[in-house]
Amino acid sequence: MNDLPTLTELKVLAAIATHRSFRKAADELELAPSTLSHMMSGLEARLGTRLLNRTTRSVSPTQAGERLVERLRPILQDLYGALAEVDASRDHPRGTLRITASETVSLLLLRTVIPVFLSRFPEMAVDLVAEPAFVDIVAEGFDAGFRLGEEVPRDMVGVRFGGASRMLAVSSPSYLEGRDLPRTPDDLSAHHCIRTRTPNGRSCKWEFERHGQVVVIDVPGALILNRAELMTEAAIRGLGIAFVPELVARHHLEAGVLTSLLEDWCPPYPGVFLYYPGHRHVPAGLRAFIDVLKAYPEGSVSVGAPRPLSA
Numbered sequence: 001m002n003d004l005p006t007l008t009e010l011k012v013l014a015a016i017a018t019h020r021s022f023r024k025a026a027d028e029l030e031l032a033p034s035t036l037s038h039m040m041s042g043l044e045a046r047l048g049t050r051l052l053n054r055t056t057r058s059v060s061p062t063q064a065g066e067r068l069v070e071r072l073r074p075i076l077q078d079l080y081g082a083l084a085e086v087d088a089s090r091d092h093p094r095g096t097l098r099i100t101a102s103e104t105v106s107l108l109l110l111r112t113v114i115p116v117f118l119s120r121f122p123e124m125a126v127d128l129v130a131e132p133a134f135v136d137i138v139a140e141g142f143d144a145g146f147r148l149g150e151e152v153p154r155d156m157v158g159v160r161f162g163g164a165s166r167m168l169a170v171s172s173p174s175y176l177e178g179r180d181l182p183r184t185p186d187d188l189s190a191h192h193c194i195r196t197r198t199p200n201g202r203s204c205k206w207e208f209e210r211h212g213q214v215v216v217i218d219v220p221g222a223l224i225l226n227r228a229e230l231m232t233e234a235a236i237r238g239l240g241i242a243f244v245p246e247l248v249a250r251h252h253l254e255a256g257v258l259t260s261l262l263e264d265w266c267p268p269y270p271g272v273f274l275y276y277p278g279h280r281h282v283p284a285g286l287r288a289f290i291d292v293l294k295a296y297p298e299g300s301v302s303v304g305a306p307r308p309l310s311a
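In UniProt numbering, the protein residues as written are 1 to 311.
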């Protein structure tokens, strides 16, 4: 074959096959969707076979396109790894680091690690995508992601961020005035609770555990919010009891504007981890980010009280 596809064409094909969308692939590659469409039409004409099925609403690879993309992905990964090794030989890392995390962790990173990282490594950029649901970081083109320790896939490398954490029931002292303190999770049925929902719209139940006994409660409450920070703020305002990550409420607990409840029913869990593919070469930018991340000792991270390290 005399007219081989260009590297750009192969990257475009892989991105379209991953996203099943010209628009999303164009956003990733910073090109116009029409440019991607014309590029793929030209590639198909030169190869003499259709690689993509197109409709007015969707795009998907054909069998030939899918086979080609499956062979391309490891080749492109090896190429990116080789280029990353070249970049790693530089004195200062440069480029863009793509990371995905929940909104809560994203806010935490913006108040702690990211300012220090960008200050120390001015040739780096951070593309942080806050997603309510976990994504496949390899398929979506992320360098790393954040999730709870027990949810890190086995084929990924995990780096602890901020130590162990737990969910806590919290309320303002003003809300508790004149009310009986809940002594067990069942006592929550007599209180106003600030509820939340899963991404698919179902009400989230509150789960407690003590001495091996697990209690799951579908709490009552007239207020439903979709972010832990909003639930914490509602609790501060005296609107009821919220069940939120300790790292979100810690500063407010220390300041005395919130009170923790049912602490002996709120066991710790491993906490948040950064994770990345274990089989890939680690880019210099990600290594530098991990170094900054590790500088935060366990228990020092709090959403409400940003304490950045000196650059």
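None of these hints come from the bench; they were simulated from the model. Yeah, the Cβ is synthetic: ideal placement off N, Cα and C, and Gly gets one too. Accuracy of the hints is not assured; some may be wrong.
The following label-pair restraints were derived from C-beta to C-beta distances [what the hints assert, rightly or not]:
hint: 1; residue 1: A130; residue 2: I75; range: 26 to 36 Å
hint: 2; residue 1: S119; residue 2: T6; range: 31 to 41 Å
hint: 3; residue 1: A222; residue 2: G149; range: 56 to 66 Å
hint: 4; residue 1: H281; residue 2: T198; range: 53 to 63 Å
hint: 5; residue 1: V159; residue 2: T62; range: 21 to 31 Å
hint: 6; residue 1: R57; residue 2: S260; range: 13 to 23 Å
hint: 7; residue 1: A190; residue 2: P33; range: 30 to 40 Å
hint: 8; residue 1: A45; residue 2: A139; range: 24 to 34 Å
Hints, verified against the model:
no. : hint                       : result
1   : A130 with I75: 26 to 36 Å  : 31 Å, holds
2   : S119 with T6: 31 to 41 Å   : 38 Å, holds
3   : A222 with G149: 56 to 66 Å : 34 Å, violated
4   : H281 with T198: 53 to 63 Å : 37 Å, violated
5   : V159 with T62: 21 to 31 Å  : 40 Å, violated
6   : R57 with S260: 13 to 23 Å  : 50 Å, violated
7   : A190 with P33: 30 to 40 Å  : 56 Å, violated
8   : A45 with A139: 24 to 34 Å  : 28 Å, holds
In this structure, the earlier hints numbered 3, 4, 5, 6, 7 are contradicted, and the remaining ones agree with it.
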